[in-house]
Amino acid sequence: MKSVDLLSENLALFTRIKGLSAKMETLISDGQIEAFLDISTQRKDLQYQLIEFERRYGAILKGRPEKGMEEKILTISFEITDVIRSIQEIDQKIKELILEKRNTLFSDIDNICPG
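Counted from 1, the sequence shown has number 996 at position 71 by this note's numbering; the numbering is strictly sequential.
No lab work stands behind these hints, which were simulated from the structure alone.
Don't be surprised by glycine CBs; every beta carbon is placed ideally from N, CA and C.
Any given hint could turn out to be false.
Listed next, the in silico DSBU-like pairs over lysine-lysine satisfying Cα-Cα at most 35 Å (straight line) [said to hold, decoys possible]: (1) Lys927 <-> Lys987; (2) Lys1026 <-> Lys948; (3) Lys948 <-> Lys997; (4) Lys1026 <-> Lys987; (5) Lys1026 <-> Lys992; (6) Lys927 <-> Lys969; (7) Lys943 <-> Lys1026; (8) Lys992 <-> Lys1018; (9) Lys969 <-> Lys987; (10) Lys1018 <-> Lys997; (11) Lys1018 <-> Lys987; (12) Lys943 <-> Lys927; (13) Lys943 <-> Lys987; (14) Lys1018 <-> Lys943; (15) Lys943 <-> Lys992; (16) Lys948 <-> Lys1020; (17) Lys948 <-> Lys987; (18) Lys927 <-> Lys1026; (19) Lys1020 <-> Lys943; (20) Lys943 <-> Lys997; (21) Lys927 <-> Lys948; (22) Lys997 <-> Lys987; (23) Lys969 <-> Lys997; (24) Lys1020 <-> Lys987; (25) Lys997 <-> Lys927; (26) Lys1026 <-> Lys969; (27) Lys948 <-> Lys992; (28) Lys1026 <-> Lys997.
Here are the simulated distance ranges between beta carbons [stated by the list, open to error]: (29) Thr1029 <-> Gln972: 26 to 32 Å; (30) Leu986 <-> Glu1025: 37 to 43 Å; (31) Glu959 <-> Gly993: 45 to 51 Å; (32) Asp1033 <-> Gln972: 32 to 38 Å; (33) Arg989 <-> Asp1033: 55 to 61 Å; (34) Phe1031 <-> Glu996: 49 to 55 Å; (35) Ser1032 <-> Leu962: 21 to 27 Å.
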């Protein structure tokens, strides 16, 4: 399989993870914890696929690109980097939302059971 094809598959996996991350952010914002956990499981499955992909094809991707494909490979690599950055930003927002909801819950509990 060619490096360009492998990178395109890799990009597709990262893009699917980004989509799931965006859904997770919406679900946690809306307080839909069960749906959030379901999507989280799907995301973990995709992450395992990425790990398997790297294990299987990592050596090919780290090797010399096919002649004449350098620019295409570079473009796809930049796209992957951009998607990863987006995922990290969404993950940070999710973390902040979860902490906010946790703090609100603790505050509500304190108000119910004054200590």
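Checklist entry - Is it true that the CA of Lys927 sits at most 35 Å from the CA of Lys969? => result Roughly 27 Å separates the two Cα atoms, so the pair holds.
Next on the checklist: What's the verdict on Lys1026 and Lys992, does the C-alpha distance respect the 35 Å limit or exceed it?
Outcome noted: violated (52 Å)
Checklist entry - Are the Cα atoms of Lys969 and Lys987 separated by 35 Å or less? => result holds (25 Å)
Next on the checklist: 55 to 61 Å was suggested as the range; check whether the CB atoms of Arg989 and Asp1033 agree with it.
Outcome noted: holds (59 Å)
Item to check | Cβ distance range 32 to 38 Å for Asp1033 and Gln972, holds or violated | outcome: Taking Cβ atoms as reference, Asp1033 and Gln972 lie about 33 Å apart, which means the hint holds.
Next on the checklist: Does Lys997 sit within 35 Å of Lys969, going by the straight-line distance between their CA atoms?
Outcome noted: Distance ~29 Å between Lys969 and Lys997 Cα, so the pair holds.
Checklist entry - Is it true that the CA of Lys1026 sits at most 35 Å from the CA of Lys948? => result Holds: Lys1026 and Lys948 sit about 17 Å apart, inside 35 Å.
Item to check | Lys1018 paired with Lys997 [C-alpha distance capped at 35 Å] | outcome: Holds: Lys1018 and Lys997 sit about 32 Å apart, inside 35 Å.
Item to check | 35 Å limit on alpha-carbon distance, applied to hinted pair Lys948 and Lys987 | outcome: holds (32 Å)
Next on the checklist: What's the verdict on Lys927 and Lys948, does the C-alpha distance respect the 35 Å limit or exceed it?
Outcome noted: holds (32 Å)
Next on the checklist: Holds or violated: the 49 to 55 Å window for the beta-carbon distance between Phe1031 and Glu996?
Outcome noted: Since the Cβ atoms of Phe1031 and Glu996 sit about 53 Å apart, the hinted range of 49 to 55 Å holds.
Next on the checklist: Just to be careful, I want the Cα atoms of Lys943 and Lys992 compared with a cutoff of 35 Å; is the pair within it?
Outcome noted: Given that 35 Å is the threshold and the Cα spacing comes to 31 Å, the pair holds.
Violated hints, listed in ascending order, are 4, 5, 8, 18, 27, 28; each of the other numbered hints is respected by the structure.
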